[in-house]
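Student: Now for the letters of each chain:
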Amino acid sequence: MFLTAEKEDLNQISLTGLRAILLLGLLMTGPKSLEEIKKTFVSYKVMENRGSDDILRIDMNSLKHVGCVISRSTQKTGHKYVLKDHPFALKLEDEDLKVLKRVYNSVKENADVELLIKYHLLFEKISKHIYQEDSKEKFLGISALKHYDIDMLKSLSAYCKNNLTLDLLYVNPVSEKERRLCVITDKLVFKNDKVYLYGNNADNDKTIVLNFRFIKKILSIRLTKDKLETQAVTVKFRLENSDSVVLAEEESILEAGDGYFIVEGRYYNEFFAIQRMLSFGSKCTVLEPETLKNAVVEKLKEMRNLYGK
Amino acid sequence: MGNSLAIKKNMSSIQVLKTLQMLLEGNYTMAELVKKLNENERIPLFNHSVVSKYINTCRYLGIEIPKIHNKYFVSKLPFGLDLSLHDTELIDRLKTVVKTKFSERANKRFTSFLSRLSKYSNKRIVRINIGDEDKLNDEFEQAVQENRKIRLMYKTKEVLECIPAQIVNNKKTYFKIIADGEEKLVLTEKIAGIEILDKRFGMFGNNEQEVIFKLTGGLAKRYSMRENEELIDKPSGGIVISNKGENKEALFMRLLRYDSCCEIIKPLEYRDEMKQIINDTLSNYGE
Numbered sequence: 001m002f003l004t005a006e007k008e009d010l011n012q013i014s015l016t017g018l019r020a021i022l023l024l025g026l027l028m029t030g031p032k033s034l035e036e037i038k039k040t041f042v043s044y045k046v047m048e049n050r051g052s053d054d055i056l057r058i059d060m061n062s063l064k065h066v067g068c069v070i071s072r073s074t075q076k077t078g079h080k081y082v083l084k085d086h087p088f089a090l091k092l093e094d095e096d097l098k099v100l101k102r103v104y105n106s107v108k109e110n111a112d113v114e115l116l117i118k119y120h121l122l123f124e125k126i127s128k129h130i131y132q133e134d135s136k137e138k139f140l141g142i143s144a145l146k147h148y149d150i151d152m153l154k155s156l157s158a159y160c161k162n163n164l165t166l167d168l169l170y171v172n173p174v175s176e177k178e179r180r181l182c183v184i185t186d187k188l189v190f191k192n193d194k195v196y197l198y199g200n201n202a203d204n205d206k207t208i209v210l211n212f213r214f215i216k217k218i219l220s221i222r223l224t225k226d227k228l229e230t231q232a233v234t235v236k237f238r239l240e241n242s243d244s245v246v247l248a249e250e251e252s253i254l255e256a257g258d259g260y261f262i263v264e265g266r267y268y269n270e271f272f273a274i275q276r277m278l279s280f281g282s283k284c285t286v287l288e289p290e291t292l293k294n295a296v297v298e299k300l301k302e303m304r305n306l307y308g309k
Numbered sequence: 310m311g312n313s314l315a316i317k318k319n320m321s322s323i324q325v326l327k328t329l330q331m332l333l334e335g336n337y338t339m340a341e342l343v344k345k346l347n348e349n350e351r352i353p354l355f356n357h358s359v360v361s362k363y364i365n366t367c368r369y370l371g372i373e374i375p376k377i378h379n380k381y382f383v384s385k386l387p388f389g390l391d392l393s394l395h396d397t398e399l400i401d402r403l404k405t406v407v408k409t410k411f412s413e414r415a416n417k418r419f420t421s422f423l424s425r426l427s428k429y430s431n432k433r434i435v436r437i438n439i440g441d442e443d444k445l446n447d448e449f450e451q452a453v454q455e456n457r458k459i460r461l462m463y464k465t466k467e468v469l470e471c472i473p474a475q476i477v478n479n480k481k482t483y484f485k486i487i488a489d490g491e492e493k494l495v496l497t498e499k500i501a502g503i504e505i506l507d508k509r510f511g512m513f514g515n516n517e518q519e520v521i522f523k524l525t526g527g528l529a530k531r532y533s534m535r536e537n538e539e540l541i542d543k544p545s546g547g548i549v550i551s552n553k554g555e556n557k558e559a560l561f562m563r564l565l566r567y568d569s570c571c572e573i574i575k576p577l578e579y580r581d582e583m584k585q586i587i588n589d590t591l592s593n594y595g596e
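Protein sequences appear in the order of chains A and B. Heads up: the first sequence is residues 1 to 309, going by my numbering. Heads up: the second sequence is residues 310 to 596, going by my numbering.
Just so you know, these hints were derived from the structure itself, not from any lab. Backbone N, C-alpha and C fix where the C-beta goes; we use that ideal spot for every residue, glycine too. Fair warning: there could be bad hints in the mix.
Said to hold, decoys possible - If you only want the chain A side, here are some residues facing chain B, beta carbon under 8 Å, derived: (1) 12; (2) 96; (3) 211; (4) 297; (5) 306.
From just these sequences and the hints, can you work out the full model?
Tutor: Take a look at the structure:
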């Protein structure tokens with residue numbers, strides 16, 4: 001933990017000061033018993049082996065005097081001293097948090113779930129060295145995954161890489177009923193500030209997109225490897241007066257005419273394809289396939305009924 | 310006897326800890342350090358040789374305390390934040406984003422945060438060099454942050470009143486602005502000055518309108534509200550949301566996506582517009 005400098009380079013040092021810093025460093029890394037502290041002190045030659053425990057208690061008091069909050073060593077703490085708070089920590093201002101949030105949000109726009117997990121873990125690590133609980137909480141709040149079960153996300157991300165088949169306990173957001181789902185995993189996607197699991201429903205081979213928030217538990221991992229066959233939906237559509245439209249990664253222009261574009265989009269499933277077509281409003285006319293065109297028209301009719309003809 | 314031991318402490322230890330704390334909080338010359346440390350004492354306890362000894366004590370344990378431009382500061386704390394190579398790469402990524410997408414002011418603030426973070430870390434987080442970027446960027450970003458309109462003065466003497474949106478770096482630096490309802494990119498080298506106006510614009514675009522919409526079905530149950538939204542009612546089978554200041558076009562695109570699970574309630578002109586969009590779209594299909 002400590003890198004001791006060459007003693008000959010140093011003219012003067014305070015031996016008791018060394019002990020205080022060593023003790024602070026030790027407690028910052030985790031709870032320690034008197035025996036553990038003494039062993040370290042002896043190894044760093046700042047205390048004799050036969051030195052009294054009272055020396056350590058005095059050092060403990062010195063830390064408390066400068067603002068360290070150290071709990072007593074009790075049976076509950078495993079006879080260890082716990083550093084609960086200390087002033088040798090990073091002090092954050094609101095302006096720091098504001099800038100950091102803006103920068104993180106900018107990275108987040110194009111980030112995948114794995115990168116977001118890495119940032120979340122970094123924020124957790126840094127937060128342990130932030131002074132004051134409210135600053136710590138605000139700092140952790142910057143992460144887009146603040147309310148997520150990171151361990152489960154990490155596991156799912158690993159399973160997706162191998163397209164493993166999982167039995168999941170999933171809560172249907174509409175009925176709020178729990179059900180077991182068998183999913184051949186494809187990928188985790190971060191979209192609209194949410195994490196989704198893309199895959200195939202192993203029972204009916206249809207593509208499935210699950211909001212991670214509603215996955216309660218990974219019940220089991222199947223040892224047999226099922227083949228993942230994603231059935232992307234390809235849609236050809238016409239866009240008019242579309243100056244302000246930004247095409248997505250999965251969309252490409254097939255033809256550019258006078259005031260219009262013919263675009264082909266490949267979407268993960270029909271639901272996403274219909275949503276995308278509707279979002280363009282009257283600028284878009286679905287050309288192919290007929291089934292999707294009819295589905296869009298049906299949706300539009302339902303919408304018209306809401307507002308009255 | 311027990312009681313007197315309980316409050317016994319070592320003054321020299323305390324002074325070393327106070328010196329370390331002071332060096333973690335800022336960069337100081339020896340004279341400044343002595344002065345600041347003595348400010349909190351009833352009688353002056355610190356002098357140059359004592360503080361020098363305490364700095365050496367810290368250095369002995371591997372705490373890096375360089376003296377640059379006559380100022381002492383902690384640059385590495387061996388028992389502090391343990392950053393891995395991956396962590397520093399993540400920080401580097403943030404630094405690149407600040408450098409390419411943000412103003413000088415944001416850069417300075419971020420650098421200040423990183424240099425303070427660096428003090429508590431066992432790795433030196435390389436600092437970014439703040440270039441002599443145009444002050445224009447600062448002004449522009451300030452206007453974005455305060456949701457204020459700006460008046461751009463071109464070198465050709467033309468003047469344009471607009472809404473500042475974003476700084477874009479693509480080989481050259483551009484300002485993304487909204488003028489007459491349209492987004493435009495303006496090359497910063499063509500601009501002679503910026504005037505920040507008192508007029509404000511909506512946080513999420515050029516629209517300060519409150520839009521109220523109702524969500525039903527499964528969407529109502531799984532909907533996550535945006536920062537600019539609040540739940541105003543919860544009728545059976547649905548929720549009613551108030552949305553303020555979202556860009557109108559983006560909002561309509563989003564609400565259209567929700568199909569018949571969403572209905573605009575207010576304002577009436579938005580409701581009528583949505584109705585018109587639906588009818589126009591249906592007419593594309595001869596319906």
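Student: Tell me if residue 96 of chain A is really an interface residue toward chain B, meaning its C-beta lies closer than 8 Å to one of theirs.
Tutor: holds, 5 Å
Student: For the hint on residue 12 of chain A, does the least C-beta distance to chain B fall short of 8 Å?
Tutor: Since the shortest Cβ distance to chain B is 4 Å, the answer is holds.
Student: How about residue 211 of chain A: closest beta carbon in chain B under 8 Å, or not?
Tutor: holds, 6 Å
Student: Regarding the hint that residue 306 of chain A lies at the interface with chain B, is the smallest CB-CB distance below 8 Å?
Tutor: holds, 5 Å
Student: Given residue 297 of chain A as an interface hint, is the shortest Cβ-Cβ distance to chain B below 8 Å?
Tutor: holds, 5 Å
The structure shown violates none of the earlier numbered hints.
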